[in-house]
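Here is what each chain is made of, one letter per residue.
2 protein chains.
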Amino acid sequence: MIYLDNPATTNYKPFSVKMGILEALSKKYSANPGRSSHKLSINAALKILETRELLTKVFNLNNSNDVIFTSGCTEALNLAILGSIKTGGHIITTIYEHNSVLRPLFKLQKDGLIELTIVKPNNNDEITIKELELAVKPNTYMIIINHTSNVTGYTMNIADIGKFAKAHNLVFLVDGAQSGGHINIDMQKNNINMLALAGHKGFYGPQGVGALLLNNAKLQPIKFGGTGINSEQPMPPVISPEAYEAGTTCTPLIFGFDAGINFTIKHFDKINKKTTELTKFLITELSKIKNIKIYNKKNYSAGVVSFNLGDLPSNQVANELCETYGICVRSGLHCAPLVHRHFNTIEQGMVRVGIAYNNTKSQLKKLVFALNKIIKN
Amino acid sequence: MIYLDNPATTNYKPFSVKMGILEALSKKYSANPGRSSHKLSINAALKILETRELLTKVFNLNNSNDVIFTSGCTEALNLAILGSIKTGGHIITTIYEHNSVLRPLFKLQKDGLIELTIVKPNNNDEITIKELELAVKPNTYMIIINHTSNVTGYTMNIADIGKFAKAHNLVFLVDGAQSGGHINIDMQKNNINMLALAGHKGFYGPQGVGALLLNNAKLQPIKFGGTGINSEQPMPPVISPEAYEAGTTCTPLIFGFDAGINFTIKHFDKINKKTTELTKFLITELSKIKNIKIYNKKNYSAGVVSFNLGDLPSNQVANELCETYGICVRSGLHCAPLVHRHFNTIEQGMVRVGIAYNNTKSQLKKLVFALNKIIKN
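Heads up: the protein sequence lines correspond to chains A and B, in order.
Residue 204 in my numbering sits at position 204 of the first sequence, with consecutive numbering throughout.
Residue 1288 in my numbering sits at position 288 of the second sequence, with consecutive numbering throughout.
Worth flagging that the hints you see were computed from the coordinates, not collected in a lab.
A portion of the hints provided could be inaccurate.
Stated by the list, open to error - Subject to a maximum C-alpha distance of 30 Å in a straight line, what follows is the list of computed BS3-like cross-link-like pairs (lysine-lysine):
id, chain 1, residue 1, chain 2, residue 2
1, B, Lys1107, A, Lys27
2, B, Lys1028, A, Lys365
3, A, Lys39, B, Lys1130
4, A, Lys28, A, Lys57
5, A, Lys274, A, Lys290
6, A, Lys273, B, Lys1028
7, A, Lys273, A, Lys297
8, B, Lys1027, A, Lys28
9, B, Lys1274, A, Lys27
10, A, Lys27, B, Lys1366
11, A, Lys107, B, Lys1107
12, B, Lys1137, B, Lys1057
13, B, Lys1018, B, Lys1039
14, B, Lys1120, B, Lys1366
15, B, Lys1027, A, Lys270
16, B, Lys1018, A, Lys28
Claimed, not checked - Derived, one-sided and incomplete: chain A residues facing chain B with beta-carbon distance under 8 Å:
id, residue
17, Thr9
18, Leu219
19, Cys322
20, Gln363
21, Lys365
22, Val368
Remember, predicted model here, so these are calculated numbers, not experimental data.
Glycine included, every Cβ here is placed at the ideal spot set by N, Cα and C.
Please work from the sequences and hints to get the whole structure.
Written out as structure tokens, the structure reads:
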């Protein structure tokens, strides 16, 4: 099997990630941090705090309390959007968003709580300040962008958009599902107020964990339960992170996430260089195929390359790649319908290749070989 | 260390649970089920389906689609409560509830969406149909009960309450956080419409996973994102389980949960017998201590025993147990404030001992010895 569906989840999980999870389940740590006050509970709490401090450092935050662990990037985005509603306000977003941004927004719009503008890209399929400026209204309070598109790999300029957000006094929420681990993100420098991350993609961690990082952002909780603080009160004070992490802390996955983050820090340059080189190589090779349509040829660091072979349904291509050649890619729609509408691929979908650190040039050559065979038949 | 904080999370995790998690992270399964259509994604999806079928069988449901995986019992309860609001309706619950039930309800009450009645127990600290009947109003649509109290171990009669719920045409939601794995629950026989479970307590699974099981229950999603179905629609149809499980499936923890469920099924009689015997033994031994107040002496199967030593603050007792004797228990408030109000322990809290399968009589003897020493000093 050649696995090239890494933007969905990386197939390769480092040994340290697995060991991290097992450590959390060992006698020393298997307890409930932040609830009891015995040694095991404190052992686990201190380890969790280390991960908060790690993320604080990596994304340049001031306070480890601004790191909220979630069950994934979807919960992080839901918390960011549903937890910061300004009734009657206006939100700007783009056609590049994933359903984990669009659907909470559509829900709020449908309920009459917010106005929504979905910005379309320019003729180069890019979103720039020019497009965004046109969308600003007096009641705009938030801008949400997908840092790197899970569909095409297109990566937006967060420095520019951060300046734009600051100039208009907007809350700036970045969906870092595909960029986290692949691209260095400085939240303070780029005026990012909220950054949503997935543990299981660019960080090579386990599925089921993510984080929402806050930088001068105010939120109301959207999930209610035990918080380990102020148990006697009907609602606990809105203190980060406790107010947003109701329920038992997911120590196994946070320990695994921690190991994944450390893995990407340690090998950052190597991972980045290899992913970029392989992506460039693939785009070059794919470009030689007649009638191929490649949807983004400029952004490499997240390792995402999407294409179609003439009019062939993307699902047919993907199925043949898997059945005949043992190559796993994703096809169809990629949970981001407006990207497909923009590129006119709602029917055809797209074949998406996602390259990770452990992929090789030889695997990509096999992919290109297989695609050429598929076209011929 | 003697770990007796098992109602928070079991310290012991079976080998099979750890191996299950590692399997999910192996090359064969580490993919995104329900999204892509390649072999690895299907491998993972089939394993997840097996766990749904297992839970369907164990709790006597008709359809494996009625099993919704969540990030824990808290999310399951939030989904059950916030996903089934009838505006202007009335909900009955009890003082035995955990904050993961009370706080979503207080939020709805505060927002003016529902009326709420919190039923108090009778003179025996029990909730019976008699108390519940008095709470029914014409607009009552739901009753929520904590099957086994995490504070005292008190276990309600779900058969009786199920009949009551059916007679009044109420949605019956059971918080099974502490009973799941310890007590057999037949959802159809007991007219339970929704059952919330935690993976990391009675099932000896990992922290970070739970489930909401549905039996003729209707729900709206409370988290929005990619569902793997109908990606092109602003909101997917409300189909179970996809509509409620937005985001990447947490395969590692579900694989671990599966192994935990199988562990409890295989050893059910043995676990139950041992927990019951140890709990009875502990209550007998504790009863010999002068000035001890034990808050429930009748329910054994969940292994929960709570007490106070005269007027000693529960935190002081717990700290001394940990510092001097290496015994881990929980103290203070237990995320269920109304239980403490009922027993007049808001200030003092309670010392809670939670017994699991791997605990021994000798450990409990050491605990009793330590408590006697603490009283003497």
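Status of each hint after checking the structure:
A distance of roughly 37 Å separates the Cα atoms of B/Lys1107 and A/Lys27; the hinted pair therefore is violated under the 30 Å criterion. In summary, the hint linking B/Lys1028 to A/Lys365 is supported, as the alpha carbons are separated by about 23 Å, within the 30 Å threshold. For a cut-off of 30 Å, the pair hint linking A/Lys39 to B/Lys1130 is broken: about 43 Å separates their Cα positions. For a cut-off of 30 Å, the pair hint linking A/Lys28 to A/Lys57 stands: about 26 Å separates their Cα positions.
For the suggested pair A/Lys274 and A/Lys290, the alpha carbons sit about 27 Å apart, so the restraint of at most 30 Å is met. For the hint pairing A/Lys273 with B/Lys1028, the CA-to-CA distance comes to about 27 Å; that is within 30 Å, so the pair holds. The suggested pairing of A/Lys273 with A/Lys297 holds, with an alpha-carbon distance near 17 Å, which does not exceed 30 Å. Between the alpha carbons of B/Lys1027 and A/Lys28 the distance comes to roughly 28 Å, so the proposed pair stays at or under 30 Å and holds.
The suggested pairing of B/Lys1274 with A/Lys27 holds, with an alpha-carbon distance near 21 Å, which does not exceed 30 Å. Note on A/Lys27 and B/Lys1366: the hinted pairing holds, with a Cα-Cα distance of about 19 Å set against a maximum of 30 Å. A threshold of 30 Å between alpha carbons decides the hint, and for A/Lys107 with B/Lys1107 the separation of about 20 Å falls inside it, so the pair holds. Straight-line distance between C-alpha atoms of B/Lys1137 and B/Lys1057 comes to about 35 Å, which puts the hinted pair past the 30 Å bound.
Distance hint between B/Lys1018 and B/Lys1039 is fulfilled; the C-alpha atoms sit about 24 Å from each other, no more than 30 Å. For the given pair, B/Lys1120 sits about 36 Å from B/Lys1366 by alpha-carbon distance, which is inconsistent with the 30 Å threshold. Restraint check for B/Lys1027 and A/Lys270: the C-alpha separation of about 22 Å stays at or below 30 Å, so the hint holds. Between B/Lys1018 and A/Lys28, the direct Cα distance comes to roughly 15 Å. Compliance with the 30 Å bound is thereby established for this hinted pair.
At about 5 Å, the closest approach between the beta carbon of A/Thr9 and any beta carbon in chain B falls short of 8 Å, and the interface hint on this residue holds. At its closest, the beta carbon of A/Leu219 sits 15 Å from a beta carbon of chain B; the interface hint therefore is violated under the 8 Å criterion. A hinted interface residue such as A/Cys322 counts as satisfied when its beta carbon comes closer than 8 Å to some beta carbon of chain B; here the least separation is about 4 Å, so the hint holds. Annotation: A/Gln363 was flagged as interfacial toward chain B, and the flag is violated, the nearest CB pair being 14 Å apart, outside 8 Å.
The interface hint given for A/Lys365 is broken, as the beta carbon of that residue sits about 19 Å from the closest beta carbon of chain B, more than 8 Å. At about 18 Å, the closest approach between the beta carbon of A/Val368 and any beta carbon in chain B exceeds 8 Å, and the interface hint on this residue is violated.
The structure shown violates the earlier hints numbered 1, 3, 12, 14, 18, 20, 21 and 22.
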